[in-house]
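As given, the protein sequences belong to chains A and B, one line each in that order.
Start counting the first sequence at 1; every next residue gets the next number (this note's numbering).
Start counting the second sequence at 376; every next residue gets the next number (this note's numbering).
Simulated from the structure, these hints should not be mistaken for laboratory data.
Hints may contain errors.
[Unchecked claim] For lysine-lysine, the following BS3-like pairs were computed, each having C-alpha atoms within a straight-line distance of at most 30 Å: (1) A:Lys126 / A:Lys328; (2) B:Lys712 / A:Lys337; (3) B:Lys501 / A:Lys328; (4) B:Lys654 / B:Lys681.
[Unchecked claim] Far from chain A, by Cβ distances over 12 Å, these chain B residues were calculated: (5) Phe415; (6) Ser642; (7) Asp705.
Built from N, CA and C at the ideal position, the CB exists for glycine as well.
Protein chains: 2
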Amino acid sequence: MQAENESLIRDAIELALLPGVGGLTQNRIWKALRCISDLFSMEAPALESFGIPGEAYPIIRARSYQAIAAEIYDWGIREGCRFLMRGNPGYPPLLEEIFDPPLILYARGHLEALEKPSIAIVGTRKPTIYGLQMAQGIATDLGSRGISVVSGLARGIDAAAHRGCLEANGITIAVLGCGIDVVYPREHRQLTQKILQNGLLLSEFPPGTSPAPQNFPIRNRIISGLALGTLIVEASEYSGSLITARLTMEQNREVFALPGNLTSPQSFGPNYLIKQGAKLVQTWRDIVEELPPDIRQEIFIKEDAKPPDKCELEMLSGEETRILDMLKVDEAIQFDKIYRSSGLQIPYLSDLLLRLEMGGRIRQLPGNLYVRVRK
Amino acid sequence: MQAENESLIRDAIELALLPGVGGLTQNRIWKALRCISDLFSMEAPALESFGIPGEAYPIIRARSYQAIAAEIYDWGIREGCRFLMRGNPGYPPLLEEIFDPPLILYARGHLEALEKPSIAIVGTRKPTIYGLQMAQGIATDLGSRGISVVSGLARGIDAAAHRGCLEANGITIAVLGCGIDVVYPREHRQLTQKILQNGLLLSEFPPGTSPAPQNFPIRNRIISGLALGTLIVEASEYSGSLITARLTMEQNREVFALPGNLTSPQSFGPNYLIKQGAKLVQTWRDIVEELPPDIRQEIFIKEDAKPPDKCELEMLSGEETRILDMLKVDEAIQFDKIYRSSGLQIPYLSDLLLRLEMGGRIRQLPGNLYVRVRK
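Model the full assembly from the supplied sequences, consistent with the hints where possible.
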């Protein structure tokens, strides 16, 4: 496919590089021409009718960016990057349905991710431990049931959602607000690698684009546009996640929200959305229930076929149970505090905590903090 | 009114005393006869058609309970108790609308309470501090805006709702699951006195009735039946408050619920109800918005006419602000801990806490614990 479409892709890359040509203009051009290459031989009045600013006309006529577009294309081919073109096979059908789909999407990783039913999970960059735990837990629940989790690779809730999905060996999709070759934020280098290996990175921005603040709201329409529905986990009063929720509604997709205490500013957003009609989510089932009937039924039938959970706590020693009871789901506790309350020797306690973590019952957070895993 | 109706009231009291004659049977009799006294001269087949059990026939014929009913009546008159009779003036019109209104209601306190728009606030007997604070805060917000707060005088959320309403000099209505002369639970003696002075106590059970567990679910239909809507604050998975919520829906009244963290078992009930269609409440406004237009408009017009809040924190000293910042809305902190963190002398700190409490910014809880008041 790639070879036949090479000139198509190069033209689209070139178009997106033009100054003053954003998503809306690209859409107008695409709808009118379908074949972008025609644009480069058009006269000023026609270009003007698309809303292209005058400064771009000489650039278009001279094809000043043709060489750069070719370089980007070659780089992409070398790096194993795929180009998803609007109107061509491989472009996500759900994304095609939105008001302003991107003309071209740069993709790295496993394109199969786009063939699964997917749910977006987004939220604040400054979450509480409650929010982090819930985002990660629900992403695990969805990922383990064959649902792709889409998010924005931002700090906080986004990262927790990607991690939760990966934890379940699920496929997660990260939609970036920068070029597909840019790692942002820096501390997500490892997470980005894991997503490349087991999931998919997507961006509509040309390689090398830096993470400018104005890119993120633009990117959000792709997050919600790829998914059957979007779950908002935590979002304060003026959070960008509320914009994603609005886009989701405008795209006629389901908005899900995780409730929280009124005393937590981070739960203002989800609570407000629920009041406005978003579906309150208590467990993954509340999300799956709203999926198309065939997907929903397949998941529930598999679920019912699972053997009932063993009474897990019976398999823990008394000491393990005691330590587990000291830990909380929504509050992280310092190792030192557990140590002092436990009365155990440090090596013995460390070993016990590791066993509990391997068993998926607790989780270690940065700073030698421990939380219980939501069951 | 009382004098003319004396025999009517006595007959109703007598009827309610009969063995095996519950609310449903009383309703059947009332609908058929309107005049209860006719019952006492009826033959067995007619009595049977009402569903009255055979054991009661000789008691009815002999009017064995006539003297007790007279005694109860006399006691009531002596104690300033009022008798609200179904179908007669003074009986709450909203209660008349439900499927099975009580034939007679014993009332002590201020009957004007029944003339105001009212909202029920109910919840678990084992709340979190979050739930207590929210119940009390929202009751204060409603009470100060002329809305009666109805509840069941139980431990936990109910008591917090009554207290919050009283705090705002609002009128609160307590519907008891025991006789109107019985104080239950014992620790609510003082609260009961305050409600008598500034609110209303109601019960459908004859004086002297002890608080049997089966009375409470029966009583719940009156709580929801008196109110335009019911707010459920905290309720675990098998809580009686969920029964009240179901009754509220069956009575075609609005169900409101306060969201909370999924990790809190007490928030399971409200979150579940919201998922089922109850309105999520973030502030008192969310409740008032659903009231009949005339009531709603009057409250909002008064609200808009209020002078804007002064920037309150400016009026606090630096020390007061520092102590206030140590306290949390949903977690109580021990005096000792505040003392140690503050570095202040005990008498000075006590004085400062008292000032903050008088200013309505913090609240002392039993056990020398302090919480910040929700604003």
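Do the alpha carbons of Lys712 of chain B and Lys337 of chain A lie within 30 Å of each other, as the hint requires? Answer holds: Lys712 of chain B to Lys337 of chain A is near 17 Å, not above 30 Å.
Would you check the hint for Lys126 of chain A and Lys328 of chain A, treating anything up to 30 Å between C-alpha atoms as holding? Measuring from Cα to Cα gives roughly 20 Å; hence the hint holds.
Regarding the assertion that Phe415 of chain B does not contact chain A, is the least Cβ-Cβ distance greater than 12 Å? The claim holds: Phe415 of chain B sits with its nearest Cβ about 54 Å from chain A, beyond 12 Å.
Take a quick look at whether Lys654 of chain B and Lys681 of chain B sit within 30 Å of each other, Cα to Cα. holds, 27 Å
Report holds if the minimum CB distance from Asp705 of chain B to chain A is greater than 12 Å, and violated otherwise. violated, 5 Å
When you check the alpha-carbon spacing of Lys501 of chain B and Lys328 of chain A, does it fall within 30 Å? holds, 19 Å
Quick check for students: does the CB of Ser642 of chain B sit more than 12 Å from each CB in chain A? For Ser642 of chain B, whose nearest Cβ neighbour in chain A is about 8 Å away, the distance does not exceed 12 Å, so it is violated.
Consistency note: the structure conflicts with the earlier hints numbered 6, 7.
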